[in-house]
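Visitor: Each chain is listed here by its residues.
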Amino acid sequence: MDPLIAVRAIHLAATTLVAGIVFFEWLVAGPGLRGPGELLSPILLRFHARTARILWISLGLAVMSGAAWLSLLAADIVDRPLLEVIADGTAWKVFTQTRFGLDWQMRLLCAVLLGGYVQKSRRTGGFSLLSGLPAAALAAAFIGALAWAGHGGATPGNTGIIHVSADVLHLVAAGAWLGGLVPLVILLGCVRRSDGERRATAAGAICHRFSNLGIFSVGALLVSGLTNASFLVGDAQGLTGTSYGRLLMLKLFLFFGMVCVAAVNRQYLLPRLASGVAAPGPDADAQIARLERNAALEIAFGIAVLVVVAMLGVAPPATEPHVHIH
Amino acid sequence: MRNVIAATILALPLAAGDARAHAFLDHAEPRVGSTVQTAPREVSLSFTQDLEPAFSGAEVRDASGARVDQGKAKISGSVMHLGLKALAPGTYKVNWHALSVDTHTTEGSFSFRVGP
Numbered sequence: 008m009d010p011l012i013a014v015r016a017i018h019l020a021a022t023t024l025v026a027g028i029v030f031f032e033w034l035v036a037g038p039g040l041r042g043p044g045e046l047l048s049p050i051l052l053r054f055h056a057r058t059a060r061i062l063w064i065s066l067g068l069a070v071m072s073g074a075a076w077l078s079l080l081a082a083d084i085v086d087r088p089l090l091e092v093i094a095d096g097t098a099w100k101v102f103t104q105t106r107f108g109l110d111w112q113m114r115l116l117c118a119v120l121l122g123g124y125v126q127k128s129r130r131t132g133g134f135s136l137l138s139g140l141p142a143a144a145l146a147a148a149f150i151g152a153l154a155w156a157g158h159g160g161a162t163p164g165n166t167g168i169i170h171v172s173a174d175v176l177h178l179v180a181a182g183a184w185l186g187g188l189v190p191l192v193i194l195l196g197c198v199r200r201s202d203g204e205r206r207a208t209a210a211g212a213i214c215h216r217f218s219n220l221g222i223f224s225v226g227a228l229l230v231s232g233l234t235n236a237s238f239l240v241g242d243a244q245g246l247t248g249t250s251y252g253r254l255l256m257l258k259l260f261l262f263f264g265m266v267c268v269a270a271v272n273r274q275y276l277l278p279r280l281a282s283g284v285a286a287p288g289p290d291a292d293a294q295i296a297r298l299e300r301n302a303a304l305e306i307a308f309g310i311a312v313l314v315v316v317a318m319l320g321v322a323p324p325a326t327e328p329h330v331h332i333h
Numbered sequence: 064m065r066n067v068i069a070a071t072i073l074a075l076p077l078a079a080g081d082a083r084a085h086a087f088l089d090h091a092e093p094r095v096g097s098t099v100q101t102a103p104r105e106v107s108l109s110f111t112q113d114l115e116p117a118f119s120g121a122e123v124r125d126a127s128g129a130r131v132d133q134g135k136a137k138i139s140g141s142v143m144h145l146g147l148k149a150l151a152p153g154t155y156k157v158n159w160h161a162l163s164v165d166t167h168t169t170e171g172s173f174s175f176r177v178g179p
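The listed protein sequences correspond, in order, to chains S and Y.
In terms of the working numbering, the first sequence has 188 at position 181, counting the first letter as 1, and numbering is strictly consecutive.
In terms of the working numbering, the second sequence has 125 at position 62, counting the first letter as 1, and numbering is strictly consecutive.
Hints in this document: simulated from the structure, not taken from any laboratory.
Be aware that one or more of the hints could be misleading.
[Claimed, not checked] Distance condition first, Cα-Cα at most 30 Å in a straight line; then the derived DSBU-like pairs of lysine-lysine:
id, chain 1, residue 1, chain 2, residue 2
1, Y, K137, Y, K156
2, S, K100, Y, K156
3, Y, K156, Y, K135
4, Y, K135, Y, K148
5, S, K100, Y, K135
6, Y, K137, S, K100
7, Y, K137, Y, K148
[As the list claims (entries may be wrong)] Beyond 10 Å from chain Y on every Cβ pair, some chain S residues (computed):
id, residue
8, G67
9, G122
10, R253
11, L276
12, D292
13, A307
[What the hints assert, rightly or not] Simulated restraints on C-beta separations:
id, chain 1, residue 1, chain 2, residue 2, range
14, Y, K137, S, V119, 28 to 38 Å
15, S, W99, Y, R130, 21 to 31 Å
16, Y, H144, S, A13, 32 to 42 Å
17, S, F260, Y, G146, 46 to 56 Å
18, S, D9, Y, D89, 26 to 36 Å
19, S, G96, Y, R130, 24 to 34 Å
20, S, M71, Y, A129, 41 to 51 Å
From the three backbone atoms N, C-alpha and C, an ideal C-beta is built for every residue, glycine too.
All chains, please: the whole structure from these sequences, using the hints.
Guide: Structure, rendered in structure tokens:
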């Protein structure tokens, strides 16, 4: 695999996870668990401890893979070896003198501020809807600004504003849904292994909140994805007759795989969990375990989506002419 | 309200234009392959996408391979300007390289002629 594609995929995954954890804690975990009562606060503490580790690792990985992405890009631009462009200052020139570099500077600042804010919030017991707002805004900026590093920021003129806005929305929605699946699995695991009698209620509240977030995210992904596709693919010929279009179809196939699993969760498993609320016991635990497995399956689909997105980022759009003018 | 939202969603793709990953040469002055009677004082190249000045540039050489431009090109948005020395009648070749703002590279060349 092209090292640039591999590094992009790692960076996308780490960034998605950072945004997903922040959004999940802000909109799902805090409100979903505080509702059922203080009895479940040990679950929240365990969850916070686990996601904190993952958040820090993801932030570190995002910064390191971001640096690697920039260095590989510098080597690609001047067609020289990686170590040479780092040593001779070309990578630094990309960082300080290009729009891509400016975007990276802004995202690095977001990562540092986000890390500091999350650390401060941990000491005060996590996010409320209000106190989590700055962290959510920083996480949205951290993932949304990726739009300027790809084709989303390439369309000239006023229509370019529509394109880049759609791309920002696409990235933030992907962070909320795909990135939120990992903390969902962790939280459901914490709930299932707890000995609280109201664990089915808690799991139901969490899943309903996440499912609602997922519906908004899928809607935003569809609208923004359709808009992006109209810029980058154009027509049916662009979809079927170019490598970019075929990669996009693969991404759509994987995306609908995720949507199907999510639909099973919402239409089939959540109502059964609700019925288990009345009669807590092994059946409710089994439903929670099934939800965890399905979320893990969605994560597997999601990882494949991110690899395809990394490949799409280095492929010329289907709408680009394939002739060089000399 | 729902109708307005639905109409907005449907209209979004209609507002789209073509996206470019690479900056292609759209047109140049003197024009590609043209013959001009008066020696130009500069060459200007217009691209299909905004350029990164730090990694884009051009040079002009005469038939013997000697450079006849005045050095670094000035770049603003998608347009590159390159000053020229006093050109004698003859054929000149412009070699350009460009980095688009979304970090894709292109390069190319074209000729123009000064004189009858």
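Visitor: So G122 of chain S supposedly isn't at the interface. Is its beta-carbon more than 10 Å from every beta-carbon in chain Y?
Guide: Consistent with the label, G122 of chain S stays out of reach of chain Y, its closest Cβ about 27 Å off (over 10 Å).
Visitor: Taking 41 to 51 Å as the stated bounds, is the beta-carbon spacing between M71 of chain S and A129 of chain Y within them?
Guide: Given range 41 to 51 Å: holds, Cβ gap about 47 Å.
Visitor: Holds or violated: 46 to 56 Å for the Cβ distance of F260 of chain S and G146 of chain Y?
Guide: 53 Å, holds
Visitor: Does the alpha-carbon distance linking K137 of chain Y and K148 of chain Y stay inside the 30 Å limit?
Guide: Given that 30 Å is the threshold and the Cα spacing comes to 15 Å, the pair holds.
Visitor: Looking at G67 of chain S again, its CB stays over 10 Å from all of chain Y?
Guide: 24 Å, holds
Visitor: Given a hint of 21 to 31 Å, does the C-beta separation of W99 of chain S and R130 of chain Y actually sit inside it?
Guide: 28 Å, holds
Visitor: Quick one, are K137 of chain Y and K156 of chain Y close enough, alpha carbons at most 30 Å?
Guide: 18 Å, holds
Visitor: Against chain Y, does L276 of chain S hold up as non-interface, every C-beta pair farther apart than 10 Å?
Guide: 30 Å, holds
Visitor: Would you mind confirming whether the straight-line C-alpha gap from K100 of chain S to K135 of chain Y stays at or under 30 Å?
Guide: 17 Å, holds
Visitor: Within 32 to 42 Å: is that where the Cβ-Cβ distance between H144 of chain Y and A13 of chain S falls?
Guide: Given about 39 Å between the Cβ atoms, the range holds.
Visitor: At 10 Å, judged by beta carbons, does R253 of chain S keep clear of chain Y as stated?
Guide: 17 Å, holds
Visitor: Given the hinted pair K100 of chain S and K156 of chain Y, is their Cα-Cα distance within 30 Å?
Guide: Roughly 29 Å between the alpha carbons, so the hint for K100 of chain S and K156 of chain Y holds.
Every hint, counting from the list given before, is met by this structure.
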